[in-house]
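Q: Sequence:
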Amino acid sequence: MITIGQLARSVGVSTKTIRLYHAKGLLPEPDRDGSGYRRYTAQDAVELVKIRTLADAGVPLARIRQLRTA
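With the first letter of the sequence shown counted as 1, position 2 gets the number 64 in my numbering; the numbers rise by one all the way through.
Hints listed in this document are in silico derivations from the structure and should not be mistaken for laboratory results.
Incorrect hints may appear among the rest.
As the list claims (entries may be wrong) - The calculated label-pair distances, taken between Cβ atoms and stated as ranges, are: (1) 132 / 97: 34 to 44 Å; (2) 96 / 121: 36 to 46 Å; (3) 96 / 118: 13 to 23 Å; (4) 96 / 132: 15 to 25 Å.
Every residue, glycine too, gets a C-beta built ideally from N, C-alpha and C.
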């Protein structure tokens with residue numbers, strides 16, 4: 063389990079971007095530890111890479127959300 067900062071660095075995005083993806087419904091909020099910190103899994107990293115790849119290819123975030131819920 064890794065923190066939001068570790069996840070952001072490993073994928074090459076900012077923590078603000080990850081929080082935006084949570085707010086837009088692209089990436090589900092992870093469980094939090096006893097201190098209230100978000101804790102991410104390897105699967106969360108994979109999902110973030112998928113989202114980021116589509117966004118970098120020019121796919122609008124609203125369309126990415128549709129694709130992920132279909």
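Q: Does each hint hold? Answer for all of them.
A: A quick look at each hint next to the structure:
no. : hint                 : verdict
1   : 132 / 97: 34 to 44 Å : 36 Å, holds
2   : 96 / 121: 36 to 46 Å : 37 Å, holds
3   : 96 / 118: 13 to 23 Å : 35 Å, violated
4   : 96 / 132: 15 to 25 Å : 36 Å, violated
This entry does not satisfy hints 3, 4, going by the numbered hints stated previously.
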